[in-house]
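Please construct the entire structure, taking both the sequences and the accompanying hints into account.
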Amino acid sequence: EADIYQTPRYLVIGTGKKITLECSQTMGHDKMYWYQQDPGMELHLIHYSYGVNSTEKGDLSSESTVSRIRTEHFPLTLESARPSHTSQYLCASSAGPRDLWDNSPLHFGNGTRLTVT
Amino acid sequence: EDQVTQSPEALRLQEGESSSLNCSYTVSGLRGLFWYRQDPGKGPEFLFTLYSAGEEKEKERLKATLTKKESFLHITAPKPEDSATYLCAVQIFGNEKLTFGTGTRLTIIP
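Protein sequence lines correspond, in order, to chains S and V. Offset between the first sequence (1-based) and my numbering: plus 1306. Offset between the second sequence (1-based) and my numbering: plus 2.
Calculated from the structure, these hints are not laboratory results. Computed from a predicted model, the values in this text were never measured in an experiment. Please note that the accuracy of each hint is not assured.
What the hints assert, rightly or not - Simulated crosslink set (EDC-like; lysine to aspartate or glutamate; CA at most 16 Å straight-line):
#: 1; chain 1: S; residue 1: K1363; chain 2: V; residue 2: D84
#: 2; chain 1: V; residue 1: K44; chain 2: S; residue 2: D1309
#: 3; chain 1: V; residue 1: K44; chain 2: V; residue 2: D84
As the list claims (entries may be wrong) - Covered stretches of chain V (chain S as the covering partner; in silico rule of three or more C-beta atoms under 8 Å from a C-beta of chain S):
#: 4; stretch: 76-85
#: 5; stretch: 88-99
Note that beta-carbon positions come from the ideal geometry of N, C-alpha and C, so glycine has one too.
Structure representation (structure tokens):
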């Protein structure tokens, strides 16, 4: 049963539009993540958060931005979508203390498949 | 640079035909190695975490093992519902961020 929800599941949008991908979790996890996944390729971390008011960029350069105003909510925004942003975006969360490295497994949502025309 | 390589890229098995998936890694200071299962159109689902060489974990028809250079995901007498992409990821000490492999797409034919 999914405890982490992403909307929309599919989005087709024109170049230059502003979009926000929504992610919410009901598990009370402090840590949340955004990954990008293209077919046949590995998952790449684009943003993460250790808790409210904490956001960091991941390993993959991204023109997107994120915010973390509430524990349960971690939206991703693209100010001006381009065809190169076409991809699947996966949101995840993990348990564990906010400011400590730990190896709690990730819980993933079912993703948003974004197509920019 | 940390690297994770999964093989084969794709594997087709008859129902009941046991086999193994491989995840080889080149990292300094392995903190944990994770296996996930991903069904089409869904996010990855956590299966196992392995921490040290020699460790094994089992769940139904799956068994994961770990050596100092690689991990194997053994699947015994698979069923069609085991069809999925299996992802491996590693985490090193001092860096929580996971490095994922590209996955093995497993198809079990009835």
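Taking the hints in turn, this is what the structure says about them:
Of the supplied pair hints, the one linking K1363(S) and D84(V) is violated, its CA atoms being roughly 35 Å apart against a limit of 16 Å. With a C-alpha separation of about 13 Å, the suggested pair K44(V) and D1309(S) falls inside the 16 Å cut-off, and the hint holds. At roughly 15 Å between alpha-carbon atoms, K44(V) and D84(V) fall within 16 Å of each other, so this suggested pair holds. Coverage of the stretch 76-85 of chain V by chain S is violated in this model, with 0 residues showing a Cβ closer than 8 Å to a Cβ of that chain against a need of three.
Under the rule that three or more residues need a Cβ within less than 8 Å of chain S, the assignment of the stretch 88-99 of chain V holds, with 8 such residues.
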